[in-house]
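**Q** Given these sequences and hints, build the entire structure.
To convert, take the position in the sequence shown, counting from 1, and add 140; that gives our numbering.
By construction, these hints were calculated from the structure, which means they are not laboratory data.
Any given hint could be a false lead.
Okay, derived cross-link-like pairs now, DSBU-like style, lysine-lysine, Cα gap no bigger than 30 Å in a straight line [what the hints assert, rightly or not]: (1) Lys297 <-> Lys142; (2) Lys470 <-> Lys172; (3) Lys416 <-> Lys395; (4) Lys455 <-> Lys170; (5) Lys170 <-> Lys249; (6) Lys420 <-> Lys361; (7) Lys325 <-> Lys396; (8) Lys217 <-> Lys240; (9) Lys395 <-> Lys297; (10) Lys170 <-> Lys142; (11) Lys323 <-> Lys470; (12) Lys325 <-> Lys416; (13) Lys191 <-> Lys142; (14) Lys470 <-> Lys191; (15) Lys395 <-> Lys361.
Please read these numbers as outputs of a predicted model, since none were measured by experiment.
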Amino acid sequence: MKALVKTREGHGNLELLDKEVATPLDDKVKIKVHYAGICGTDIHTYEGHYKVNFPVTLGHEFSGEIVEVGADVKDFKVGDRVTSETTFYVCNECEYCESKDYNLCNHRKGIGTQVDGAFTNYVIAREESLHHIPDEVSYQSAAMTEPLACAHHGVSKIQVNSGDVAVVMGPGPIGLLVAQVLKSKGATVVVTGLDNDKVRLDKAEALHMDYVVNLQQTDLKTYINGITGGYGADVVVECSGAVPAARQGLDILRKKGFYSQIGIFKDAEIPFDMEKVIQKEITVVGSRSQKPADWEPSLQLMADGLVNAEALVTKIYDISKWDEAYQHLKSGEGIKALLKPLDLDENEGEN
141 MKALVKTREG HGNLELLDKE VATPLDDKVK IKVHYAGICG TDIHTYEGHY KVNFPVTLGH
201 EFSGEIVEVG ADVKDFKVGD RVTSETTFYV CNECEYCESK DYNLCNHRKG IGTQVDGAFT
261 NYVIAREESL HHIPDEVSYQ SAAMTEPLAC AHHGVSKIQV NSGDVAVVMG PGPIGLLVAQ
321 VLKSKGATVV VTGLDNDKVR LDKAEALHMD YVVNLQQTDL KTYINGITGG YGADVVVECS
381 GAVPAARQGL DILRKKGFYS QIGIFKDAEI PFDMEKVIQK EITVVGSRSQ KPADWEPSLQ
441 LMADGLVNAE ALVTKIYDIS KWDEAYQHLK SGEGIKALLK PLDLDENEGE N
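**A** This is the structure in structure tokens:
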């Protein structure tokens, strides 16, 4: 089978190679991949900014059908429509594993980074990480479960009440999923972006977000004060990883507001206005990836029609068209691109 493999460090070095199909052992299953999403991590890996276990097949956001199961698999069978958490191995000994906070285990190995991922025909996953795809959720939407779980995780760590004004900084795929999760909780949602985010801001409007603000055309603090009676936003979720957005997010929060940082900063250390955090008694939390508890609620949000993940998919490419997919996303014209294996027919796996 053909696989997109990051072969060594540095920019590029992503090759379409022939790889053998693995056999699932013990508690593992083999999944025929229908769709796999390109994540920001995949792009950073391609550009040489994120280190993986070379050589490794990339791809950790995916959906597919089980075609083979190991001897110890109990709750899944051949033919099941599934998606999988990214966790492939954890120590199962630390206190984080005990609470199933696998995203915090120091020994964790992830699909598509430390072990082979889903930019290929078949991927191996462990049973504990599997989730059945509801009948109401398409394979394309299910391939978006992982980023939706990340969005759900970031929102679950803060208090969001019906009627709260919640501001999303950064209208990328995560930001647009966060906005929909916030909306499902009854919040009044403000999505912000820049001039070069026009496609994404237009999508936010199409998703019926309450307010969509171009920060290069509107003073955000004045705008937020105008819709909150001068109090400021109840919630800010920062999804861009941009230092100016983080600073602005703290500035527009009301006293006793909640701030969640999902976006990852390029620099390890950034200036953070702790005086503002103290004087306004702001609750600030960081959110790293996702954990098992985020997956079933995410699938249910899609099944119930409260999150339209598929609406964010702007193009679908064969895995041989990585360069085109990469340019589509880097150009600002795309929001989310999915890849599919070379042998997957155009109409296969749509439901």
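**Q** For which of the previously enumerated hints does the structure constitute a violation, in increasing order of number?
**A** 1
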